[in-house]
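Asks: Listed here are the chains, written in short residue letters.
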Amino acid sequence: MNTQEEVGEFTQIFNALMSLMRKFIFKVLCAGPIPNHVSFIMDGNRRFAKKHNLTGLDAGHRAGFISVTYVLQYCKEIGIPYVTLYAFGVDNFKRQPEEVECVMDLMLEKVEYTINQAVSGNLKGVRVFFVGDLTSLNERLRVAAQRLMEVTEENKDLMVVVCVAYSTSHEIVHAVRESCVRKCDGTGDDPVVLQVSDVEECMYTSVVPDPDLVIRTGGGDRLSNFMTWQTSRSLLHSTATLWPELGLWHLVWAILKFQRMQDYLEKKKKLD
Amino acid sequence: MDLNQSMRLLSSWIAQIGGLGLDLLWRFIHLVVSLWYIVSGIIEAVESYAISLGLNKKYSSINIEKLRCLAVVVDIEEARDVSKVIELLQWLRTIGVKQVGLFDSQGLLKKSKDMILGTVPGSVLSEEIGEKNSSPDQNPLALEFISSSDNKEAVMKAANILLQDYLKSSRPENDKGENFFTETHLNEALRVVGENVHAPDLLLVYGPIRSHLGFPAWRLRYTEIVHMGSLNYMRYGSLLKAIHKFTGVHQNYGT
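Listed in order, the protein sequences are those of chains L and H. With my numbering, the residue at position 204 of the first sequence is 212, and numbering never jumps. With my numbering, the residue at position 105 of the second sequence is 300, and numbering never jumps.
It is possible that some hints are incorrect.
Unchecked claim - No more than 25 Å apart at the CA atoms, straight line, and that leaves these computed lysine-lysine pairs for DSS-like:
| hint | chain 1 | residue 1 | chain 2 | residue 2 |
| --- | --- | --- | --- | --- |
| 1 | H | Lys352 | L | Lys191 |
| 2 | H | Lys306 | H | Lys279 |
| 3 | H | Lys347 | L | Lys191 |
| 4 | H | Lys347 | L | Lys278 |
| 5 | L | Lys118 | L | Lys84 |
| 6 | L | Lys275 | H | Lys440 |
| 7 | L | Lys31 | L | Lys132 |
| 8 | H | Lys363 | H | Lys352 |
| 9 | H | Lys308 | H | Lys279 |
| 10 | L | Lys265 | L | Lys31 |
| 11 | H | Lys371 | L | Lys191 |
| 12 | L | Lys84 | L | Lys132 |
| 13 | L | Lys275 | H | Lys261 |
| 14 | H | Lys253 | H | Lys440 |
| 15 | L | Lys277 | H | Lys347 |
| 16 | L | Lys164 | L | Lys35 |
| 17 | L | Lys277 | H | Lys293 |
| 18 | H | Lys352 | L | Lys277 |
| 19 | H | Lys305 | L | Lys278 |
| 20 | H | Lys253 | H | Lys305 |
| 21 | H | Lys440 | H | Lys261 |
| 22 | H | Lys305 | L | Lys275 |
Claimed, not checked - Not close to chain L: a few residues of chain H, all C-beta gaps over 12 Å, as computed:
| hint | residue |
| --- | --- |
| 23 | Asn199 |
| 24 | Gln200 |
| 25 | Ile209 |
| 26 | Asp218 |
| 27 | Val241 |
| 28 | Gly249 |
| 29 | Glu260 |
| 30 | Ile281 |
| 31 | Lys293 |
| 32 | Lys305 |
| 33 | Gly313 |
| 34 | Thr314 |
| 35 | Pro316 |
| 36 | Arg430 |
Said to hold, decoys possible - Among the chain H residues that face chain L by a calculated CB cut under 10 Å, a handful are:
| hint | residue |
| --- | --- |
| 37 | Leu230 |
| 38 | Ala354 |
| 39 | Leu357 |
| 40 | Leu358 |
Rather than coming from a laboratory, the hints here were simulated on the basis of the structure. Glycine residues also receive a C-beta, built at the ideal position from the N, C-alpha and C atoms.
Working from the sequences, and respecting the hints, build out all of it.
Replies: Have a look at this one:
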């Protein structure tokens, strides 16, 4: 057996051992309560690219996508049913046009790649949902996103909600507008009054329950206009780690924190 | 008992022992995590006392002008002890903070408004600033009292104002309301129902966990949220440190 084959075999054994270790860690973690819905504010891609002298406007975001695949795999193995990813905010459109176009092209590339994976049966139970003001995306990306939602519609193990062209303020205004227009179109003599439930039904993120845990990477202590309406009872966890550097142990630590505070969080939910 | 039954019983025992083993390991990990929190809490307390005593020169001057509006979120159990809230406000006044929004989800602090305003020297209601021609205090501390009713309920009130205006308007058929329901309109409607729409720069959370606990969502967009721990164990040094850290933050607001 030559050196290359030996290295290949060693890598396989090492990966298998790592996978076993990871599954064992998750089994231990699952002895306690697991969050039903985890949201990620994926900050730090550009700083990662700068830190590692990567060239290209989308270099950091490419590294960020690799992180997305790992994080989703871990969440699925742990058994978290809902994951939300804050991929692109409404305010991000104010960036340099070249950068925005680059990010949109990268998103299209990754969505098309994911469609191929889904069609080949490699997505294994992952359902993808795109939410936000999708009308502000270019047509190709919008069509691809719609296609990905269709091909993964039947999957039920993990629902991944990708927030694109999203912000809470935009979401609230959109939901108020939608619910008002619906009320006006309704028939009957009942007085036309909006309730909280009418507006919440029309929110972009109405497809998922409120998050239990929000994880922000990149060291920021703010929500950056992300799900501020839905996070009244969420544990907000922030880490200085940049998104492309987020690993298994960061996720485990965040879930351990959630488990420590579970009694308090349940008590708060019952008070609502 | 035949072989199959014995095997099933054995598997069941192994599964139960395995489950017990995982549970014990999980509890052990949480014990280690709790110990870590105790140690880091002690380190934080020592650092905080050093800052209070002025031993750390880094915190001797703070660019307080950058902090235009501070909000304090208090867990409802801790909000019952108003004396601690009053002490916190006195510290904030000493540091030079000019505007503070006090939030608890059930409005306990709102009910204690008169006591707080009467006890904290130089404090006035923020809506009264500018209404009085002269103030006895040249540097008043403007206080705002906020609760959950200022969150979703307030947005509903504002939305219903917009809805009524929309109903009365002559709109084309198939109109989707895009010109009628905008951020500006909602802001204006919130002001009409008496809500403050300004976003605080910094939100300090006093309670068991880092959570905004229902602070008005419309105002929270780019607010820095810092967890300060329990109000019962609040420390002046930690407060200085949090405000100092905020003054060093640079935000790009998504751009």
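Asks: Hint numbers the structure violates, sorted upward?
Replies: Going through the list in order, the structure violates hints 6, 13, 17, 20, 26, 37 and respects the others.
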